[in-house]
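Chemist: The primary structure of each chain is shown beneath.
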Amino acid sequence: MPDSDIVEVLFSEGQIQARIRELGAAISEDYAGRTPHLVGVLRGVVPFMADLVRTITIPLTLDFIAISRYGPSARTRGVVRFMKDLDEPIAGRHILFVEDVVDTGLTLNYILHTLQRRYPASLQVCTLLDRTIRRLVNDLPIAYSGFDLPDQFVVGYGLDYRQHYRNVPYVGILDPRIYLD
Amino acid sequence: MQSVTPSSPEQQERKEIRFAHPSEEEFSHILDFYKIEWEYEPQTFPLAWDEEGNVTEAFTPDFYLRQQDLYVEITTLRQELVTKKNQKLRRLRELYPDIDIKLFYRRDFGRLLDKYGLSGERGGLIGQEALRKPYA
Chain A
1 MPDSDIVEVL
11 FSEGQIQARI
21 RELGAAISED
31 YAGRTPHLVG
41 VLRGVVPFMA
51 DLVRTITIPL
61 TLDFIAISRY
71 GPSARTRGVV
81 RFMKDLDEPI
91 AGRHILFVED
101 VVDTGLTLNY
111 ILHTLQRRYP
121 ASLQVCTLLD
131 RTIRRLVNDL
141 PIAYSGFDLP
151 DQFVVGYGLD
161 YRQHYRNVPY
171 VGILDPRIYL
181 D
Chain B
182 MQSVTPSSPE
192 QQERKEIRFA
202 HPSEEEFSHI
212 LDFYKIEWEY
222 EPQTFPLAWD
232 EEGNVTEAFT
242 PDFYLRQQDL
252 YVEITTLRQE
262 LVTKKNQKLR
272 RLRELYPDID
282 IKLFYRRDFG
292 RLLDKYGLSG
302 ERGGLIGQEA
312 LRKPYA
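Listed in order, the protein sequences are those of chains A and B. For the first sequence, the numbering used here gives the first residue as 1, with consecutive numbering after it. For the second sequence, the numbering used here gives the first residue as 182, with consecutive numbering after it.
Check before you lean on any hint, since a few could be wrong.
What the hints assert, rightly or not - With beta-carbon atoms standing in for the labels, derived distance ranges:
no., chain 1, residue 1, chain 2, residue 2, range
1, A, Pro72, B, Leu276, 32 to 42 angstroms
2, A, Thr132, B, Pro227, 29 to 39 angstroms
3, A, Gln152, B, Glu275, 27 to 37 angstroms
4, B, Tyr277, A, Gln116, 44 to 54 angstroms
5, A, Arg21, B, Arg199, 50 to 60 angstroms
6, A, Asn138, B, Ala229, 26 to 36 angstroms
As the list claims (entries may be wrong) - A partial selection of chain A residues facing chain B, derived with a Cβ cut-off under 7 angstroms:
no., residue
7, Ile56
8, Tyr70
9, Gly71
10, Tyr110
11, Ile111
12, Tyr144
13, Tyr170
It is worth saying that the hints were derived from the structure and are not from the lab. A virtual CB, placed ideally from N, CA and C, is assigned to each residue, including glycine.
This is chain A alone, in the form it adopts within the complex (with noise of 0.2 angstroms):
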């Protein structure tokens, strides 16, 4: 069961939802009149999304992308790619890039690099967690965050490792010994 292998809970079901609640009618009331476009990137970002459009009380639209991650293969290959696009053009659209977690800053900040020469109306960030002790690129536009990260390997709520824990309806610590072996 995953909960075994979670040896202490960070932020509880109850809390993220209420959070989420939080930024939901912060995003509502800063974006009227606007009609959002939500991007989010696959996969880990699925459970965050999904409950923060539902607390978003205007009209919004969204998509996805998927994008290559370094790993032990990347070294090889060369730089981060998209694997799937935006499937609709997003300039002089306002967008809200949805995160699930901001580390490094160095996929988001690629991520934001590209989608700016596509000439959106705005680009700013929301993001659940933030891990800014391990900030590599500042100056980000993060406009929402959720909670504040300690620097702890933590899954669930869509965050995995090696995919699994996504459906884990907490954000927790997984236990060393699972990945250190």
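Mind docking chain B on chain A? Use the hints.
Modeler: Structure of chain B alone, referenced to chain A:
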């Protein structure tokens, strides 16, 4: 998106860099992957001088990220051995308050490896195995 071909100037330049430690080379690969421009050990900062003005102590951060104007130092020493490095970093920040520098400790770098699914390579990059590897 452009890929770097083996014969490109960027790839050739990379081949000529002699990293002091495998963890530094791995970190450079991560930066390349996310198209972050970097320089390896581009600048040495004097930290102490003798009475005649000769530099007696200096610090050379591992990486400089140009677009972020940020220096990054990676240390794979165990926590109990980083006191001297911490002292150097403190002195650097005192003398050069406009310099932005981030220190990745062994634990931080280990977590970065875990994040990228490279936990199995910890030994070769930050463990005892890495210390035995003939590098640079």
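Chemist: Now tell me if each hint is right for this structure.
Modeler: Hint check results:
For A:Pro72 and B:Leu276, the Cβ-Cβ distance of about 40 angstroms falls inside the hinted range of 32 to 42 angstroms, so the restraint holds. Between A:Thr132 and B:Pro227 the C-beta distance comes to about 31 angstroms, which sits within the given range of 29 to 39 angstroms. A hinted range of 27 to 37 angstroms for the beta carbons of A:Gln152 and B:Glu275 is consistent with their spacing of about 31 angstroms. Between B:Tyr277 and A:Gln116 the CB atoms are about 32 angstroms apart, so this pair departs from the stated range of 44 to 54 angstroms.
Our hint of 50 to 60 angstroms for A:Arg21 and B:Arg199 holds, since their Cβ atoms are close to 54 angstroms apart. Between A:Asn138 and B:Ala229 the beta carbon distance is about 30 angstroms. The supplied range of 26 to 36 angstroms therefore holds. Against a cut-off of 7 angstroms between C-beta atoms, the interface hint on A:Ile56 is violated, since the closest Cβ of chain B lies about 29 angstroms away. A cut of 7 angstroms between beta carbons decides the hint on A:Tyr70: the least distance to chain B is about 5 angstroms, and the hint holds.
At about 5 angstroms, the closest approach between the beta carbon of A:Gly71 and any beta carbon in chain B falls short of 7 angstroms, and the interface hint on this residue holds. Because the closest C-beta pair between A:Tyr110 and chain B is about 5 angstroms apart, less than 7 angstroms, the hint holds. With 7 angstroms as the threshold, the beta carbon of A:Ile111 stays out of range of chain B, its nearest partner Cβ sitting at about 10 angstroms, so the hint is violated. Given hint, A:Tyr144 at the interface with chain B, is violated; its Cβ is 23 angstroms from that chain's nearest Cβ, farther than 7 angstroms.
Contact between A:Tyr170 and chain B, as hinted, is not supported at the beta carbon level, the nearest pair being about 20 angstroms apart and thus beyond 7 angstroms.
Comparing the model with each earlier hint shows violations of hints 4, 7, 11, 12, 13; every other hint is respected.
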